[in-house]
Amino acid sequence: MTQSQWPRIQTLGTDGFVIRFSDQLNEPANRAALALRAAIEVAGWDGVEEVTSALASTAIRLSAFADFEQVEDQIKTLVLSRDWTAEPLPDGRRLYRIPTVYGTELAPQMAQAAKAAGLTVPEAAAELSAARTRVITLGFAPGQPYLGTLDPHWDIPRLSQITPQVPAGALVLAIRQFVLFAVANPTGWMHVGQTAVQLFQPNADRAFMLLPGDEVQFNAVTEAEFARYENDPNGGAEWEIIP
Amino acid sequence: MIRILKPGFYASVQDTGRFGYLSDGVGRCGAMDALALKIGNAAIGNPDTAAAVEFTFGGFEVEATRDIEICIGGSPIQAKIDGKPIHRWWAQTLPKGQRLSVGPCASGMRSYLCVAGGIDVPTVLGSKSTDLKGGFGGLSGRLLKAGDVLDVGAAYKGREMRPKGLSPREFPDLFRDFTVCPTLRFIPAREWEDLNTANQRKFLDEEWAISPDSNRVGYRLNGVQICPKVHKEMLSHGILPGTIQLPPSGQPVVQMRDANTAGGYPKLGKVIEADMSVLAQVPIGKSIRFTPCSIDEAKIALRTQNAQSDRVRNIMNGVRNIA
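Those sequence lines, one after another, are chains A and B. Numbering (the numbering used here) for the first sequence: 5 to 247. Numbering (the numbering used here) for the second sequence: 228 to 550.
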């Protein structure tokens, strides 16, 4: 597959377009998706109702009666105007430190995940606790982040058996990514940690704690420490602006 | 206020949906049959977007705590107010203390109870729709249950009116038979080209049965197996209601109003917005077919459909002026 095939502009029915930067998750493609989304939001084209970004793509939803061809021309011009994979990340991103219990009965699949990564549980906890991961995209549930990318030995498969339910605040891991659960849901990923954060607070000024581009460190805490955060909607999380 | 006496199988508060939060992982939600919601609202003088109660398979019962103008739209149903039969697509008063009861429905899926002034629940992220997966919006983010009481917004006027409604002659679309294998139009997507001609033909010629394993999130379709020329492992990307996906099983899935905001299966196309209302009403086990269409055709279809609520407003206002 040659470089020149990317990015690709494709239609999403009558709803708009998707611009894909890669068929694999990589840092430049995710950065390109975030940067193009920000640029389209700033451009304020007629008929554009919503711009979204996923792992390696940006999608545009148009109003039902937008001038489809005009927007397609505008997208082509903008997309070809620069190398989006070389664009910087947006300003104002936050670094969060979220207290996390690894393993124990709160996160029963830690041992299995550590083994799949070729580590002991303490080694795995130390590594995951030190890892600084970026919110690649939000998806599936309100404000629910996909975070990555972990080191290659964390390229562990999804479970063949779906876990019927993990609680809100569950930190799950597969294919070099974390997902931090916003609401209780089934999952095929391994439940390695538990946090007390409520990612989605519909009535707060910032309804979604984490936004694409933010970074997170899931710092290991003991169960006793974790218990202190259980009534804090922010789960003891602290943040600072990334300079 | 409206008191829910029997919610039936699956009832929730829905409006036309929640827009602008896909990037935050928040889906659209909203009425499965958006046309029925808009027409029902138009019939009683609400904005198209007012919230209503979406009931599934009929079999529900409610009562009013004051005189409330209502219109029931959507699937064919047998409805009564205190035992006296009433029509679908008619605006009429549900008098204080009287019961509206609706029998089970086998020839459609979803009914909408529209009330003058709209169902008044808090607006969350720009919409009153219930997001059942996210557990917010609507009434406490959940399905309705017996005993729930729903506030009703202020109607534009409170006088009692004679029942007036829409006829099948004027609005054949609203009275169509959903059990006779409707043909849904779709716009082919990128991976449509990954099917060879034989598999494309199979998809178009086959009647696809709606699997019992279908819900507001997605409809699974049962039929012949569709095989792409090559198997593609794709990254998750943004998807929308109407997206037709082809999972490895070879049995297509159509994403519905509660669709996840992202997915990774190859996409054959997207059912056009105007036909989503029909799909929302095809009973479980009954069949549909697909035919490709152009973007222009899809836009015209939606424009024609949207014009119907204006016609309804004109007709109802005209009749009211005479009365």
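One thing to keep in mind: the hints can contain errors.
[Said to hold, decoys possible] Chain A regions said to be covered by chain B (calculated; three or more residues, Cβ under 8 Å):
id, segment
1, 47 to 56
2, 112 to 122
3, 141 to 148
4, 218 to 228
[Stated by the list, open to error] Now the in silico label distances, taken between C-beta atoms and shown as ranges:
id, chain 1, residue 1, chain 2, residue 2, range
5, B, Gly477, A, Gln9, 21 to 31 Å
6, A, Asp95, B, Glu397, 21 to 31 Å
7, B, Gly477, A, Gly122, 31 to 41 Å
8, A, Asp155, B, Leu232, 31 to 41 Å
9, A, Ala47, B, Lys456, 36 to 46 Å
10, A, Leu99, B, Arg230, 23 to 33 Å
11, A, Glu109, B, Glu524, 52 to 62 Å
12, B, Arg530, A, Gln14, 17 to 27 Å
13, A, Pro171, B, Arg530, 40 to 50 Å
Hints are computed from structural coordinates only; laboratory data are not their basis. Since the model is a prediction, treat every value here as computed from it, not as a measurement. No residue lacks a Cβ here, since even glycine has one placed at the ideal position from N, Cα and C.
Hint check:
Under the rule that three or more residues need a Cβ within less than 8 Å of chain B, the assignment of the segment 47 to 56 of chain A holds, with 4 such residues. A count of 0 residues in the segment 112 to 122 of chain A with a Cβ less than 8 Å from any Cβ of chain B is obtained; the coverage claim is therefore unmet, three being the minimum. With a threshold of 8 Å between beta carbons, the proposed coverage of the segment 141 to 148 of chain A by chain B holds, since 8 of its residues qualify and at least three are required. By the rule of at least three residues with a Cβ nearer than 8 Å to a Cβ of chain B, the coverage given for the segment 218 to 228 of chain A is violated, with 0 such residues.
Look at Gly477 of chain B against Gln9 of chain A: about 27 Å separates their beta carbons, and that is inside 21 to 31 Å. The hinted window of 21 to 31 Å between Asp95 of chain A and Glu397 of chain B is violated, with their beta carbons roughly 56 Å apart. The hinted range of 31 to 41 Å is satisfied by Gly477 of chain B and Gly122 of chain A, whose Cβ atoms lie roughly 36 Å apart. Roughly 58 Å separates the CB atoms of Asp155 of chain A and Leu232 of chain B, a value that falls outside the hinted 31 to 41 Å.
At roughly 37 Å, the beta-carbon separation of Ala47 of chain A and Lys456 of chain B lies within the given 36 to 46 Å, and the hint holds. Against the hinted window of 23 to 33 Å, the Cβ-Cβ separation of Leu99 of chain A and Arg230 of chain B comes to about 50 Å, which falls outside the hint. A hinted range of 52 to 62 Å for the beta carbons of Glu109 of chain A and Glu524 of chain B is consistent with their spacing of about 57 Å. One distance hint, 17 to 27 Å for the beta-carbon pair Arg530 of chain B and Gln14 of chain A, holds here, with the actual separation near 24 Å.
Roughly 46 Å separates the CB atoms of Pro171 of chain A and Arg530 of chain B, a value that falls within the hinted 40 to 50 Å.
When held up to the earlier numbered hints, the structure conflicts with 2, 4, 6, 8, 10 and fits the remainder.
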